[in-house]
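Novice: These are the residues of each chain, in order.
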Amino acid sequence: SQLAEENSWALSVHEGESVTVNCSYKTSITALQWYRQKSGKGPAQLILIRSNEREKRNGRLRATLDTSSQSSSLSITATRCEDTAVYFCATPRSSGSWQLIFGSGTQLTVMP
Amino acid sequence: AQTIHQWPVAEIKAVGSPLSLGCTIKGKSSPNLYWYWQATGGTLQQLFYSITVGQVESVVQLNLSASRPKDDQFILSTEKLLLSHSGFYLCAWRGGSYEQYFGPGTRLTVL
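Each protein sequence line maps, in turn, to chains A and B.
Numbering-wise (the working numbering), the first sequence opens with residue 1 and increments by one.
Numbering-wise (the working numbering), the second sequence opens with residue 1 and increments by one.
Everything labelled a hint here was simulated from the structure, so no lab data went into it.
Since this is a predicted model, take the numbers as computed values, not measurements.
Every clue listed holds true.
In silico DSSO-like cross-links for lysine-lysine, where the CA-CA straight-line distance does not exceed 27 Å:
| # | chain 1 | residue 1 | chain 2 | residue 2 |
| --- | --- | --- | --- | --- |
| 1 | A | LYS26 | A | LYS56 |
| 2 | A | LYS38 | B | LYS26 |
| 3 | A | LYS38 | B | LYS28 |
| 4 | B | LYS70 | A | LYS41 |
| 5 | B | LYS28 | A | LYS41 |
| 6 | B | LYS80 | B | LYS13 |
| 7 | B | LYS13 | A | LYS38 |
| 8 | B | LYS80 | B | LYS70 |
| 9 | B | LYS70 | B | LYS26 |
| 10 | A | LYS38 | A | LYS56 |
| 11 | A | LYS56 | A | LYS41 |
| 12 | A | LYS41 | B | LYS26 |
| 13 | B | LYS70 | B | LYS28 |
| 14 | B | LYS13 | A | LYS41 |
Sample of chain B residues at the chain A side, in silico, Cβ under 7 Å:
| # | residue |
| --- | --- |
| 15 | TYR98 |
| 16 | GLU99 |
| 17 | GLY103 |
| 18 | PRO104 |
C-beta atoms are modelled at their ideal positions from N, C-alpha and C, and glycine is treated no differently.
The whole structure should be built from the sequences, with the hints applied where relevant.
Specialist: Here is the structure:
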């Protein structure tokens with residue numbers, strides 16, 4: 001089973017709306033990352049949130065981390081069509097590990 | 001600034017034929033480099049990693065091999081392609097912490 005897993009396979013919103021992608025993970029982590037992958041491109045990191053952080057922001061993006069429930073969320077406000085992408089959460093396999101484990105991803109579609 | 005380049009952009013190959021994919025990173029000394037595979041619509045699966053020239057560790061056995069002939073170069077290859085090798089191959093380097101920076105990828109179709 002996945003060490004990290006997004007909770008929705010696909011979401012769709014209209015431009016300007018807000019959306020939240022959720023992720024759950026199964027092991028103790030030191031950090032969790034959110035990546036975005038646009039069609040035909042390599043993923044790009046959006047936010048890295050460490051286990052001692054509750055919230056991290058990057059412009060219109062806000063990530064939260066709840067270590068007690070082993071879950072994280074990525075919220076996007078004022079969505080734009082160019083936010084259409086697959087969103088992955090990723091965690092190291094274990095503390096200090098070089099290996100990242102990616103969730104299965106959530107396809108977000110932002111409609112005009 | 002660091003730049004990562006992958007070649008070719010896309011390949012269409014026959015089952016049983018050999019394959020060589022390349023990755024070059026510029027502007028980063030002694031990078032930790034990674035190869036990933038992604039099935040269409042799937043997640044990213046780490047295949048290999050390398051922390052220095054001549055050293056490669058395998059994560060998943062998919063009848064593929066990797067080599068690090070130069071500090072800035074990472075090669076993925078196989079002598080005989082399978083249908084299951086089709087997908088999107090991504091090279092990445094590791095930043096200061098856990099973050100990884102991905103190249104543009106190579107789309108491989110095996111027929």
